[in-house]
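Taking the hints into account, I'd like the entire structure generated from these sequences.
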Amino acid sequence: MSRLFRSILDLVFPPACIACRACGFWVCPDCLNSVHIENIRRELPHLDQVTSLGSYANPVLRRMITGFKYQSATCLEPALVELLRRHRAAYGQIDALTILPVPSSNERILERGFDHVSRLAKLIHDELAPSAEIRTVLHRTKQSLSNADLEDRAARRGNVMGSFEIVSDVPERVLLIDDVVTSGATAEACAKLLRTHGAKEVRLFTMASGG
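Residue numbers (the numbering used here): -2 to 208.
No lab work stands behind these hints: they were computed from the structure. One thing to keep in mind: the hints can contain errors.
Here are the computed lysine-lysine pairs in the DSBU-like style, where the Cα-Cα straight-line distance is at most 30 Å [said to hold, decoys possible]:
1. 139 x 119
2. 119 x 197
3. 66 x 189
Label-pair ranges, simulated between beta-carbon atoms [claimed, not checked]:
4. 104 x 52: 22 to 32 Å
5. 169 x 40: 16 to 26 Å
6. 27 x 197: 37 to 47 Å
7. 87 x 107: 34 to 44 Å
8. 21 x 163: 40 to 50 Å
9. 164 x 18: 38 to 48 Å
10. 12 x 163: 40 to 50 Å
The beta carbon of each residue, even a glycine, is placed where N, CA and C say it ideally should be.
Written out as structure tokens, the structure reads:
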């Protein structure tokens, strides 16, 4: 969408903050400042490091992620970029690795209108890892149930088993990108598959932890 067309749309349909409905912003400064920038670390099998920018319990961050993911709200990208810049200012850039977006199924991409994780990976690359390369190495072979609907960790692991395949050469050092990490089952499945095909180091970065 061109800048001119977006400006015309904003005149006809003025933005309103997704959290407090303040006019003139998709995420107003006060609500954006309510997102506590963290460097949340977790330990998961097959992953050398798991880092999240913030907590999914934060209502503003949660609305940003769900709006971006389910409503294709690319108008939220500037606010997401601002959070990434604040994370970089607090914790620095990410060491150069090959960035791999966790793949969505073709059905989900068609349903949502775009591949939100690939788009998020590009934002993270530009702000946190500009020297890294973004590649497509993983492909989702089937659409499993949403892990968010499964409470049991074992059920989530079983749900994604056999859901991915390798479609190109696997780099030795990998940074997986996803929107949210909850049980970690999806990331674990990807990391395990990558390691069996030669990856020596696999990390994960997400916008939020929990959910």
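So, going through the hints one by one against the coordinates:
1. 139 x 119: Since the Cα atoms of residue 139 and residue 119 sit roughly 24 Å apart, the hinted pair holds (cutoff 30 Å).
2. 119 x 197: Roughly 23 Å between the alpha carbons, so the hint for residue 119 and residue 197 holds.
3. 66 x 189: Holds, at about 25 Å.
4. 104 x 52: 22 to 32 Å: Between residue 104 and residue 52, where Cβ atoms are some 29 Å apart, the hint holds.
5. 169 x 40: 16 to 26 Å: 21 Å, holds
6. 27 x 197: 37 to 47 Å: 44 Å, holds
7. 87 x 107: 34 to 44 Å: For residue 87 and residue 107 the Cβ distance comes to about 37 Å; the hint holds.
8. 21 x 163: 40 to 50 Å: 46 Å, holds
9. 164 x 18: 38 to 48 Å: Hint holds: Cβ distance 43 Å, inside 38 to 48 Å.
10. 12 x 163: 40 to 50 Å: 42 Å, holds
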